[in-house]
Amino acid sequence: MGRYLLKRLLISIPLLVLVSFCTFCLMQFSPLDPAEVVLQAQGVPQITPELVAQTKAELGMDKPFIVRYLDWLLSCLQLDFGHSYVTGKSVWSLLGPAFVNTLKLTLVSVAAILVLSVALGVICALQAGKRTDQAVRAVSFLLASLPPYLLAAILVWYFAVKLDWLPTSGMDSYKSYLLPVAVTTIGYAGIYFRMVRSAVLGNLHEEYVRYSRACGLPERKIMLHVIRNSLQVTTAVFCMAIPVILGGTVVVENVFAWPGLGTLSVKAIMSRDFPLIQAYVLVLAVAFILFNTVSDVLQAALNPKLREEL
Amino acid sequence: MKKAQAGWLWGAIVSLLVLAGCGNENAAPSEPEKQARELVMAVSKDIKDMNPHLYTGSMFAQGMLYESLVENTEEGIKPLLAESWEISGDGKVYTFHLRKNVTFHDGAPFNADAVKKNIEAVQHNAAKHSWIKLSTKIASCNVVDEHTVELVLTEPYYPTLVELSMTRPYVFVSPKNFIEGETKDGLNGYSGTGPYRLVEHKAEQSAVFEANEQYWGGAPAIKKITAKVLPAGETTYLALQKGEVNFAFTDDRGANNLDVEAMNQLEQSGKYQIVRSQPMNTNFLAANSSKKESPVHDRAVREALWYAMDRELISKQIFAGTEPPADTLFSSNVNYANVELKQREYAPEKAKQLLEEAGWLAEQAGGVRKKNGAVLAMKLYYDVNSSAQKMEAEWMQDQLKGIGIQLDLIGEESSSIASRRSSGDYDLLFNQTWGLAYDPQSTIAAFTSKSSYYYTTSGIAQADELYKKINDVMVSTEEQARKSLYRDILNIVHEEAVFIPLTNGSVTIVAPKDLQGISFKQTQYELPFERMSFATK
Numbered sequence: 001m002g003r004y005l006l007k008r009l010l011i012s013i014p015l016l017v018l019v020s021f022c023t024f025c026l027m028q029f030s031p032l033d034p035a036e037v038v039l040q041a042q043g044v045p046q047i048t049p050e051l052v053a054q055t056k057a058e059l060g061m062d063k064p065f066i067v068r069y070l071d072w073l074l075s076c077l078q079l080d081f082g083h084s085y086v087t088g089k090s091v092w093s094l095l096g097p098a099f100v101n102t103l104k105l106t107l108v109s110v111a112a113i114l115v116l117s118v119a120l121g122v123i124c125a126l127q128a129g130k131r132t133d134q135a136v137r138a139v140s141f142l143l144a145s146l147p148p149y150l151l152a153a154i155l156v157w158y159f160a161v162k163l164d165w166l167p168t169s170g171m172d173s174y175k176s177y178l179l180p181v182a183v184t185t186i187g188y189a190g191i192y193f194r195m196v197r198s199a200v201l202g203n204l205h206e207e208y209v210r211y212s213r214a215c216g217l218p219e220r221k222i223m224l225h226v227i228r229n230s231l232q233v234t235t236a237v238f239c240m241a242i243p244v245i246l247g248g249t250v251v252v253e254n255v256f257a258w259p260g261l262g263t264l265s266v267k268a269i270m271s272r273d274f275p276l277i278q279a280y281v282l283v284l285a286v287a288f289i290l291f292n293t294v295s296d297v298l299q300a301a302l303n304p305k306l307r308e309e310l
Numbered sequence: 001m002k003k004a005q006a007g008w009l010w011g012a013i014v015s016l017l018v019l020a021g022c023g024n025e026n027a028a029p030s031e032p033e034k035q036a037r038e039l040v041m042a043v044s045k046d047i048k049d050m051n052p053h054l055y056t057g058s059m060f061a062q063g064m065l066y067e068s069l070v071e072n073t074e075e076g077i078k079p080l081l082a083e084s085w086e087i088s089g090d091g092k093v094y095t096f097h098l099r100k101n102v103t104f105h106d107g108a109p110f111n112a113d114a115v116k117k118n119i120e121a122v123q124h125n126a127a128k129h130s131w132i133k134l135s136t137k138i139a140s141c142n143v144v145d146e147h148t149v150e151l152v153l154t155e156p157y158y159p160t161l162v163e164l165s166m167t168r169p170y171v172f173v174s175p176k177n178f179i180e181g182e183t184k185d186g187l188n189g190y191s192g193t194g195p196y197r198l199v200e201h202k203a204e205q206s207a208v209f210e211a212n213e214q215y216w217g218g219a220p221a222i223k224k225i226t227a228k229v230l231p232a233g234e235t236t237y238l239a240l241q242k243g244e245v246n247f248a249f250t251d252d253r254g255a256n257n258l259d260v261e262a263m264n265q266l267e268q269s270g271k272y273q274i275v276r277s278q279p280m281n282t283n284f285l286a287a288n289s290s291k292k293e294s295p296v297h298d299r300a301v302r303e304a305l306w307y308a309m310d311r312e313l314i315s316k317q318i319f320a321g322t323e324p325p326a327d328t329l330f331s332s333n334v335n336y337a338n339v340e341l342k343q344r345e346y347a348p349e350k351a352k353q354l355l356e357e358a359g360w361l362a363e364q365a366g367g368v369r370k371k372n373g374a375v376l377a378m379k380l381y382y383d384v385n386s387s388a389q390k391m392e393a394e395w396m397q398d399q400l401k402g403i404g405i406q407l408d409l410i411g412e413e414s415s416s417i418a419s420r421r422s423s424g425d426y427d428l429l430f431n432q433t434w435g436l437a438y439d440p441q442s443t444i445a446a447f448t449s450k451s452s453y454y455y456t457t458s459g460i461a462q463a464d465e466l467y468k469k470i471n472d473v474m475v476s477t478e479e480q481a482r483k484s485l486y487r488d489i490l491n492i493v494h495e496e497a498v499f500i501p502l503t504n505g506s507v508t509i510v511a512p513k514d515l516q517g518i519s520f521k522q523t524q525y526e527l528p529f530e531r532m533s534f535a536t537k
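Protein sequence lines correspond, in order, to chains A and B.
For the first sequence, the positions run 1 to 310 when our numbering is used.
For the second sequence, the positions run 1 to 537 when our numbering is used.
What the hints contain is simulated information worked out from the structure, not anything from laboratory work.
Take these hints with a grain of salt, some might be off.
Cross-link-like lysine-lysine pairs, in silico, DSS-like; alpha carbons within 30 Å at most [as the list claims (entries may be wrong)]: (1) 116/B - 78/B; (2) 267/A - 202/B; (3) 117/B - 89/A; (4) 401/B - 352/B; (5) 202/B - 175/A; (6) 401/B - 292/B; (7) 224/B - 175/A; (8) 513/B - 271/B; (9) 352/B - 133/B; (10) 116/B - 89/A; (11) 56/A - 45/B; (12) 390/B - 379/B; (13) 63/A - 104/A; (14) 267/A - 450/B; (15) 184/B - 100/B; (16) 267/A - 104/A; (17) 202/B - 104/A; (18) 92/B - 450/B; (19) 45/B - 89/A; (20) 63/A - 450/B; (21) 513/B - 202/B; (22) 202/B - 89/A; (23) 162/A - 513/B; (24) 202/B - 292/B; (25) 291/B - 379/B; (26) 483/B - 468/B; (27) 56/A - 133/B; (28) 450/B - 56/A; (29) 45/B - 267/A; (30) 184/B - 267/A; (31) 267/A - 379/B.
Coverage of chain A stretches by chain B, computed from C-beta distances (three or more under 8 Å per stretch; other residues unrestricted) [as the list claims (entries may be wrong)]: (32) 44-52; (33) 253-263.
Far from chain B by the CB rule (all over 10 Å, computed), these chain A residues [stated by the list, open to error]: (34) 6; (35) 73; (36) 76; (37) 149; (38) 167; (39) 175; (40) 195.
This structure is a prediction, so every number in the text was calculated from the model and none was measured.
Backbone N, C-alpha and C define an ideal beta-carbon position, used for all residues, glycine too.
Between the sequences and the hints, there should be enough to build the whole structure, so can you do that?
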């Protein structure tokens, strides 16, 4: 297991380098002059060619592409991710708080998604084809297919304005979490519970279930086995849900004025804030690699067959 | 057991549906009375860096913290931090007598030395201030005595006082906030002399301003103003309905995301009032006259575009009448812009006739016109984040199709559009004049600038004459000469139809019904909060 983890981590290093290099290249393809875009993002009313040249030199953009990349890589190794082109603040001072805010939202949402998906998935599998199953699937289909911003607006209008139970937006108390978490959860749980459902259904038709029933094992015990076996399949999906949501909260953050990664990254991309974009991509790449590894370890823990392979 | 589960589930579903079914009228939203003496303002963006010698920060907030030597008002330039001033006979030396007993928020005195340090700090970063032509004309700033300061120019420059009155960069920060004697790399605090102090700033969340009790003009009545970041318009609207925020102001670009319909609904709710300013600026289409391979190079085509646009209808249908149709680049309340210009009212037949005369002919009725094999097709770039621009563009596309002009619509980020403007890679694009305090001089100065309207203006026959006149007007010292030069400049660009006016933008405020003293400055970017107060019951 230890060797496996070590191997995993070692592979991830060239992967991160590759990811960062690709981002660097993509930014390079942009038809706009990066110095000009940065000046625009700084709000400079009139951008003269001299100012563009001066800014390029200040930000080191006049150096060849590969030199800039290596410079960046070198300072990264010293854990220095540079300063934002637009605000001049250190990248960590911008990315850090935003990351924590989005992580909070993500973890609470994933917990809710997990509980809801497993509960609904198991219930629907047991009731497969019956009214309950059909109703849950129909409602979840409807809710999951609503665009998040619309769903968010409806929920804010009803729970914050009409009933006055919750704040419309912001991040002031635990109450602020309910609506954004609800919107995120509804979107993802509507998809994930189907996976749980089909995994449980698949397991219910396995021979070990018939055998257990034949042996007269109590239904409750059989169910425990079925659920455990079904979760194996879905563990990977749930683990990957964390980085997926981490990188996919733009709409929710925008509607609920949540000062997180989504808003920050979109703004950084619009203003060609290179150092910030690079750090954001790295953070997400690390999150994907990390949770992918976690999912492998969890699967191994659940399935002895896999353990031998590691 | 299975039955019990199913029952529970059904209960949950039914209650969800009941909740979603709603229509419950008696749960009234909370009143904004809780924050009676405070304003909580919705802003679409964080206030960012409050350094007024750079350009990232929100202007409304900088306007609350900092002040300039003089103020631009409807009646002209008035004293602010300078009580009076003299201009030397040759127009090159401005002597300002400063207001006494003014202190910065951090207690440091505002005096001639502070003025000198601030102006020099701005000049040390002159490349970033090239839009304000004064920055290229300041030779030195000298302390005469504690309360007298002298500004020496390299040549006479008539808009000096106007440019000194702007929100940035010539406003004053406590020298204690400078870093290594400069402001260009940031500040360690944001102490100005203005009516409000910044007391808290949570990045991307909120900023809190408190009344400056020592303000030389008297402490403001509203003691606390919070700016809350709400990026989405729907949320802003709902938060206003609920009373979580109770104030918003939106400029012509819908800066704070409230559309006309949302504002009207808020007004109808009885809790809010809507106050609109006079026209502040003009929204227009810039036509790239220098692009020789495009039909837009042809003056007849530009004129036809102008005649073919039903601005009345655009104003009515898209802006619900809040933005009046504009007939000229500058509305007549702009300085020097009250000149007689040829009216080009909506006349599609006239547009067709102009095109026919210029040789743009349609092969079949309803088809796109052609001339020497070139198709009468142009690309119009609009800001994807502006729903109004998108609607206007679609409207125009439809209107122009009727007279045989093909308009291709391309939505882009505002930064891409700005970049197109400075590289000349466009046929038509949406733009706006700078606003009352800046017009006409700043917009007109931008005619000659590569990063602004050089490509718009350089393709016309009289381009050289135009640029010469622009240069002359800025250094002219005689009012009469200035008037006549401005008249000529406005005439040239009007005749050539390179700026096709659409509507006049203004500032709209949504405020609690009992808020009094709402007024405007000569700019769409700021508001005089210090004049506002709540009615006492």
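Next item on the list: Hints the structure violates: just list their numbers, smallest first.
Entry: 9, 13, 24, 37, 38
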